[in-house]
Amino acid sequence: MTTDVAVRPAPPPGPPGGGARARSRFSVPGGTALGLGSSVLYLSLIVLIPLAVVAWRSLDEGPGYFWRAVTTPDAWAALTLTIGASALVAVFNLVMGTIIAWVLVRDRFPGKAVVDTLIDLPFALPTIVAGLVLLALYGPESPLGINLAYSRAGVVLALLFVTLPFVVRTVQPVLLELDKEMEQAAASLGASPFQTFRRVILPNLVPAMLSGTALAFTRSIAEFGSTVLISGNLPFKTQVAAVNIFSQIEGDNTTGAAAISTVLLVVALVALVSLDFLQRWGSRRG
Amino acid sequence: MAIEVRDVNKSFGTTPVLRDVSIDVESGSLTALLGPSGGGKSTLLRVIAGLEQPDTGTVHISGVDATRLSPQRRNVGFVFQHYAAFKHLTVFRNVAFGLEIRKRPKADIRKRVMELLELVHLEQMADRYPAQLSGGQRQRMALARALAVEPEVLLLDEPFGALDAQVRKELRTWLRRLHDEVHVTTVFVTHDQEEAIEVADTIVVLAGGRVEQVGSPAEVYDNPANPFVMRFLGPVTEIGGNLVRPHDIEISADPQEGGTAATVSRIVRLGFEVRVELRIDGKDAWVQVTRSFADQLGLKPGDTVSVRPNPGARSLALAAV
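Sequence order for the protein chains is G and E.
Heads up, the final residue of the first sequence is numbered 286 in this note's numbering, and it's a clean run with no missing numbers.
Heads up, the final residue of the second sequence is numbered 607 in this note's numbering, and it's a clean run with no missing numbers.
Read the hints as simulated data drawn from the structure, not as lab findings.
The structure displayed is predicted, hence computed values, not measured ones.
Check each hint, because a few of them may be wrong.
[Claimed, not checked] Simulated crosslink set (SDA-like; lysine to any residue; CA at most 25 Å straight-line):
{"id": "1", "chain 1": "G", "residue 1": "180", "chain 2": "E", "residue 2": "420"}
{"id": "2", "chain 1": "E", "residue 1": "392", "chain 2": "G", "residue 2": "281"}
{"id": "3", "chain 1": "G", "residue 1": "112", "chain 2": "G", "residue 2": "133"}
{"id": "4", "chain 1": "G", "residue 1": "180", "chain 2": "E", "residue 2": "359"}
{"id": "5", "chain 1": "E", "residue 1": "392", "chain 2": "E", "residue 2": "420"}
{"id": "6", "chain 1": "E", "residue 1": "586", "chain 2": "E", "residue 2": "517"}
{"id": "7", "chain 1": "G", "residue 1": "237", "chain 2": "G", "residue 2": "112"}
{"id": "8", "chain 1": "E", "residue 1": "392", "chain 2": "E", "residue 2": "358"}
{"id": "9", "chain 1": "E", "residue 1": "392", "chain 2": "G", "residue 2": "87"}
{"id": "10", "chain 1": "E", "residue 1": "389", "chain 2": "G", "residue 2": "87"}
{"id": "11", "chain 1": "G", "residue 1": "180", "chain 2": "E", "residue 2": "299"}
{"id": "12", "chain 1": "E", "residue 1": "569", "chain 2": "E", "residue 2": "528"}
{"id": "13", "chain 1": "G", "residue 1": "180", "chain 2": "E", "residue 2": "543"}
{"id": "14", "chain 1": "G", "residue 1": "180", "chain 2": "E", "residue 2": "387"}
{"id": "15", "chain 1": "G", "residue 1": "180", "chain 2": "E", "residue 2": "356"}
{"id": "16", "chain 1": "G", "residue 1": "180", "chain 2": "E", "residue 2": "528"}
{"id": "17", "chain 1": "G", "residue 1": "180", "chain 2": "E", "residue 2": "378"}
{"id": "18", "chain 1": "E", "residue 1": "586", "chain 2": "E", "residue 2": "526"}
Take the sequences, apply the hints, and build the full model.
Structure, rendered in structure tokens:
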């Protein structure tokens, strides 16, 4: 089970509601109804109904059972590991992804086009292959002498690998479009390079940085394939939530599996909504 | 002198864009850098602002050698053609930016910003974002932002280039009035000779990376240093191997002393002005006359006339190359 979220473009910084007027001026009433109708129908079939069924199933045996299923020691350990590791990975991505996007846009170096292509590779690779590669490189027979297999560090590494593209790919286009003259104007007004970065560049990147981070986080909490090999799935130690769900299903406990899925779902939703809120708040404040 | 540029050379790759450029800009003046696209005028302005480094030569601002100073240490106000507004900040915060960087007290900033917004007629727009302003309003905001830090010199790079004709004309007049009020030494870049003549005290004509001529609008119009300047500053026509302004030509139905014989090919009436198009030795030329004078002459196509440069005009003929 994955809670993949469609990549949405970061809202441009600026006044809230500024674009709404422009949109309504060009809208055709009939076309909007058709578009809205088919979007809602599609989203219902593909996203809302399946998710609602998961949430519904989790309560099959009542709220007491739900709570017990989620707080069994192994399920609880898997959930806290998953959420903790995902939060760590999201923060790491926020910083490194922004730096990589910066280097790809602003710096010139030989082989830039190759590096730019490589960024998407973790995304394109089947995640189980990613797991195999990581196990070969950082497993017990590591040619580098680094053994992260069956450890929590291994889980974090696998998550970092698969979530690399998110922040890079959301920040990169915004940085490309950023008006260079804005920075020159700041410099001529007396701002140092650091002040220009902090007061002019960063506020324009934050919305994109936050959406990328939200995507990386939600992707991490749902990750299965890449972690399943390198983590060794040791309950209480390295078993992530998605793997725990899988083992619950194998043990014929679909209600328990649905309960843990629902918790992941709620965490993902809370993360997306709060980052969105943070963005709006940030763009209002400037 | 507010700005002294000496022997500045600048190349982009192997293409020279400024060649031995030297100019002086007087304190409190309003100077236009005028020339065709690619003539080096924007580059010169950016060199003065410190946004480009000259390969050789020096730039002095208010007597201080600024050649190697970074833009933020030059105390120069710069206005860009495409506004370069800080999209994420309100109009107020945009104008306050330079003062916030300088860590002025909040109350002082508020007072100064409101004064400036009044000066550029944007006091009602203080809480808007740049995206909610028209092009003309954004450019006035950019001007207020540049003026906020009380710059030694104000530099404007094609400030009205992105605006439509009507707004352009309004802002032109407004800039002239603003300068008369504020008196900050101002240099602006334009490729529009009408704009330069209307707004500036001094015009520097730049072409091919060289200074072709420096002078008051009247000087460069009436006493152009070479055929290029003459052609660039206004309409010209060729009579007897000389370049002449079409309104500085005497035309008569009878042969006149020093006159050249011409055949009228067409007469175009443009309201008050009448264009008399001529053929002289197989070449086209034209003369601009008033409607009443044209009526008095009673010309029609096919007539033979005599034309000569007006002996009283200062725009006397240059050898046509």
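Comparing the hints with the structure gives:
1. The suggested pairing of residue 180 (chain G) with residue 420 (chain E) holds, with an alpha-carbon distance near 21 Å, which does not exceed 25 Å.
2. Taking the CA atoms of residue 392 (chain E) and residue 281 (chain G), the gap is about 23 Å. The hint holds against a cut of 25 Å.
3. Taking the CA atoms of residue 112 (chain G) and residue 133 (chain G), the gap is near 24 Å; set against the 25 Å cutoff, the hint holds.
4. Distance restraint check for residue 180 (chain G) and residue 359 (chain E): the Cα-Cα separation of roughly 19 Å lies within the 25 Å cut-off, and the hinted pair is therefore satisfied.
5. Between residue 392 (chain E) and residue 420 (chain E) the alpha-carbon distance is near 28 Å, which puts this suggested pair outside the 25 Å criterion.
6. Taking the CA atoms of residue 586 (chain E) and residue 517 (chain E), the gap is about 28 Å. The hint is violated against a cut of 25 Å.
7. For the suggested pair residue 237 (chain G) and residue 112 (chain G), the alpha carbons sit about 39 Å apart, so the restraint of at most 25 Å is broken.
8. Using a Cα cut-off of 25 Å, the hinted pair residue 392 (chain E) and residue 358 (chain E) holds, with the two alpha carbons roughly 21 Å apart.
9. With a CA separation close to 38 Å, the supplied pair residue 392 (chain E) and residue 87 (chain G) exceeds the 25 Å bound.
10. The hinted pair formed by residue 389 (chain E) and residue 87 (chain G) fails the criterion: a straight-line CA distance of about 37 Å is larger than 25 Å.
11. In summary, the hint linking residue 180 (chain G) to residue 299 (chain E) is supported, as the alpha carbons are separated by about 21 Å, within the 25 Å threshold.
12. With a C-alpha separation of about 13 Å, the suggested pairing of residue 569 (chain E) with residue 528 (chain E) holds against the 25 Å cut-off.
13. Pair hint residue 180 (chain G) plus residue 543 (chain E) does not hold up; C-alpha atoms about 62 Å apart against a cutoff of 25 Å.
14. Under the criterion of a C-alpha separation no larger than 25 Å, the hint pairing residue 180 (chain G) with residue 387 (chain E) is consistent with the structure, at around 19 Å.
15. As the CA atoms of residue 180 (chain G) and residue 356 (chain E) are separated by approximately 16 Å, the hinted pair is consistent with the 25 Å bound.
16. Between residue 180 (chain G) and residue 528 (chain E) the alpha-carbon distance is near 47 Å, which puts this suggested pair outside the 25 Å criterion.
17. A distance of roughly 21 Å separates the Cα atoms of residue 180 (chain G) and residue 378 (chain E); the hinted pair therefore holds under the 25 Å criterion.
18. At most 25 Å may separate the alpha-carbon atoms for a hinted pair to count; residue 586 (chain E) and residue 526 (chain E) meet this at roughly 22 Å.
Comparing the model with each numbered hint stated earlier shows that hints 5, 6, 7, 9, 10, 13, 16 do not hold.
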